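Novice: As they're listed, the protein sequences go chains A and B. Numbering-wise, my numbering puts 14 at position 14 of the first sequence, and it's gapless, one number per residue. Numbering-wise, my numbering puts 303 at position 118 of the second sequence, and it's gapless, one number per residue.
Note that these hints are calculated values from the structure, not bench results. Accuracy of the hints is not assured; some may be wrong.
[As the list claims (entries may be wrong)] Below 27 Å or equal to it, Euclidean Cα-Cα: the simulated DSS-like pairs (lysine-lysine) are:
1. B/K316 - A/K80
2. B/K321 - A/K76
3. A/K13 - B/K217
4. A/K168 - A/K114
5. B/K320 - A/K113
The model shown is predicted, which means the values in this text are computed figures rather than measured ones.
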Amino acid sequence: MKNLKEKQKRGMKRDWILLGIILIIAVVLLSIFPDRKEPVINTLWDYFIEMALILPAVMVILGLFAVFVSKETVIKYLGKASGIKGIFLAIILGALPTGPLYVAFPMAASLLKKGAKISNIVVFLSAWACIKIPQELVELQFLGIWFMLSRLTLTIIFIVIMGIFIEKVVEWSEDGKNIKSSGGV
Amino acid sequence: MNVTAIIINVIAAASLLIAFAKDREKATKSLKIAGKSFIRMLPMVFVILIIIGLLLGFVPASQISRFVGEQSGMTGILLVGVVGAILHIPALLSFPLAASLLEDGASVSAVTAFITTLTMIGTITLPIEIKELGKKMATLRNGISFVIAIVIALIMGAVL
Numbered sequence: 001m002k003n004l005k006e007k008q009k010r011g012m013k014r015d016w017i018l019l020g021i022i023l024i025i026a027v028v029l030l031s032i033f034p035d036r037k038e039p040v041i042n043t044l045w046d047y048f049i050e051m052a053l054i055l056p057a058v059m060v061i062l063g064l065f066a067v068f069v070s071k072e073t074v075i076k077y078l079g080k081a082s083g084i085k086g087i088f089l090a091i092i093l094g095a096l097p098t099g100p101l102y103v104a105f106p107m108a109a110s111l112l113k114k115g116a117k118i119s120n121i122v123v124f125l126s127a128w129a130c131i132k133i134p135q136e137l138v139e140l141q142f143l144g145i146w147f148m149l150s151r152l153t154l155t156i157i158f159i160v161i162m163g164i165f166i167e168k169v170v171e172w173s174e175d176g177k178n179i180k181s182s183g184g185v
Numbered sequence: 186m187n188v189t190a191i192i193i194n195v196i197a198a199a200s201l202l203i204a205f206a207k208d209r210e211k212a213t214k215s216l217k218i219a220g221k222s223f224i225r226m227l228p229m230v231f232v233i234l235i236i237i238g239l240l241l242g243f244v245p246a247s248q249i250s251r252f253v254g255e256q257s258g259m260t261g262i263l264l265v266g267v268v269g270a271i272l273h274i275p276a277l278l279s280f281p282l283a284a285s286l287l288e289d290g291a292s293v294s295a296v297t298a299f300i301t302t303l304t305m306i307g308t309i310t311l312p313i314e315i316k317e318l319g320k321k322m323a324t325l326r327n328g329i330s331f332v333i334a335i336v337i338a339l340i341m342g343a344v345l
């Protein structure tokens, strides 16, 4: 089992290598087709400006939540919530920018062991994966408010349906057995 | 500078001020985390920027729309859906990429399918998900997420 830091470091190295390769490809392509230099550089610059305007702010918001909202807080609130309130909380807590998805799995596992509802956990994980607040902000910037709002609404509706569905399926097939015992097969 | 960018920056600045007023030490720590995540993300930011530049500069809109545009229909949507599920790029960077594809002739449905499967489904994190939550829940969640993503994509295509 490799530790997280090492994995991150390796990921960083891989990203830099990827950047090098892409850069070489771009330079080669542009020297073969010099007439394309202008549109490519212009597009690149436009998108660069748009990203530069928001990414630092998005990162600051990410950092603040990571420090001020602890894992324990999330587990505490989600563990005892049920019904509509539970689903609502699962979406809100999942959407808070508190870290990458793999952080959420152990949290979800411990919540399930403590008796949290499967539907809430599925909604929580899915919200964590795809309706994170920083993501929504960037989506707003690049794709506009109608795109962002429609996709957000549809996503919330469907992950709630999925959560309830998965809960029913797991309950049928496991007959109330502990979820963890089926793991690691 | 557009309105969205201004709003986001105001929110960030205001939250930062409140954080500093509340707890100096924690606020400094979050700034450090922000800086670190920013640097970690930087190479991918440039990779995506160059890809966008090359995409819009070299690939004609007619080519893009043939594969992922309106006339590609269901096949195109499923295709990008699968690509999104497998690809592992930071979700934050999928939006500029999606915007550039839209600009270059991709359909709303295809772009939605791409973003949604990319964020919802984690093939790279699947082993951890299986280990923590069991095979049944992990495969159900990822499998159904794919179907959902396609449905959301189709609705988005019809609405927008």
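Novice: Below or equal to 27 Å on CA atoms is what counts here, so check A/K168 against A/K114.
Specialist: Within the cut-off at roughly 19 Å; holds.
Novice: Compare the distance between the alpha carbons of B/K320 and A/K113 with 27 Å, and conclude whether the hinted pair is satisfied.
Specialist: Answer holds: B/K320 to A/K113 is near 16 Å, not above 27 Å.
Novice: For a C-alpha distance cap of 27 Å, please report whether A/K13 and B/K217 respect it.
Specialist: holds (21 Å)
Novice: Keeping to a limit of 27 Å between CA atoms, is the pair of B/K321 and A/K76 held or broken?
Specialist: Holds: B/K321 and A/K76 sit about 26 Å apart, inside 27 Å.
Novice: For the pair supplied as a hint, B/K316 and A/K80, confirm whether the alpha-carbon distance does not exceed 27 Å.
Specialist: holds (24 Å)
Of the hints listed earlier, there is not a single one the structure fails to meet.
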